[in-house]
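Between the sequences and the hints, there should be enough to build the whole structure, so can you do that?
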Amino acid sequence: MDFKLMEKRQGLVKWAQKCKREGTINEIIDPYLMGKIDPECFKIYFDIAISCVRNKGEARPTMGEVELILEHALQLQQSADATMKDVDPTGDVCIYPIDDSLGDSSPANCEYTCNDSSGDASPPWAPSLSLQSCKK
38 MDFKLMEKRQ
48 GLVKWAQKCK
58 REGTINEIID
68 PYLMGKIDPE
78 CFKIYFDIAI
88 SCVRNKGEAR
98 PTMGEVELIL
108 EHALQLQQSA
118 DATMKDVDPT
128 GDVCIYPIDD
138 SLGDSSPANC
148 EYTCNDSSGD
158 ASPPWAPSLS
168 LQSCKK
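Just so we're aligned, residue 38 is where the sequence shown starts under our numbering, counting upward by one.
Taking CB as the label site, the calculated pair distances span:
no. : residue 1 : residue 2 : range
1   : V103      : K55       : 21 to 31 Å
2   : Q115      : K41       : 37 to 47 Å
3   : K122      : E95       : 34 to 44 Å
4   : Q54       : V103      : 14 to 24 Å
5   : E95       : Q115      : 25 to 35 Å
6   : Y69       : L49       : 10 to 20 Å
7   : M71       : S116      : 19 to 29 Å
8   : M121      : E95       : 35 to 45 Å
9   : V50       : T99       : 18 to 28 Å
10  : L111      : M71       : 18 to 28 Å
11  : E104      : L70       : 15 to 25 Å
12  : T120      : M71       : 18 to 28 Å
13  : G48       : K122      : 34 to 44 Å
14  : L111      : Y69       : 17 to 27 Å
Keep in mind that the hints were calculated from the coordinates and are not lab data.
Fair warning: this is a prediction, and the values are worked out from it, not measured in the lab.
All C-beta atoms, glycine included, are put in the ideal place defined by N, C-alpha and C.
So this is what it looks like as structure tokens:
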């Protein structure tokens, strides 16, 4: 086992969780992707990533849940890109504003519920996993 690699990965998880708590998740975005991801979609991507590294395995989403949520995020991104193309049809790349409030709340247009098998409430930084409804 490569314990140094495991230690580095754990450090990355803790750093991401800290960014979530402090509302600074924009620090995590690859500079190449800065402004290319709709802020709501980035929040969904980030939340699902954080949920996949929960301490208790039973509190993590299933691959099916991850797939559904990522598909939803992709649909939101495609919709946002189409809207941006309507604004600037000649633009090759959609430039989205950097949203500093991403760490504060879940996307406004979707409802999620937090459930783990133990019935315990998830910590405040943990994303919700079951997509219940989305409004366009």
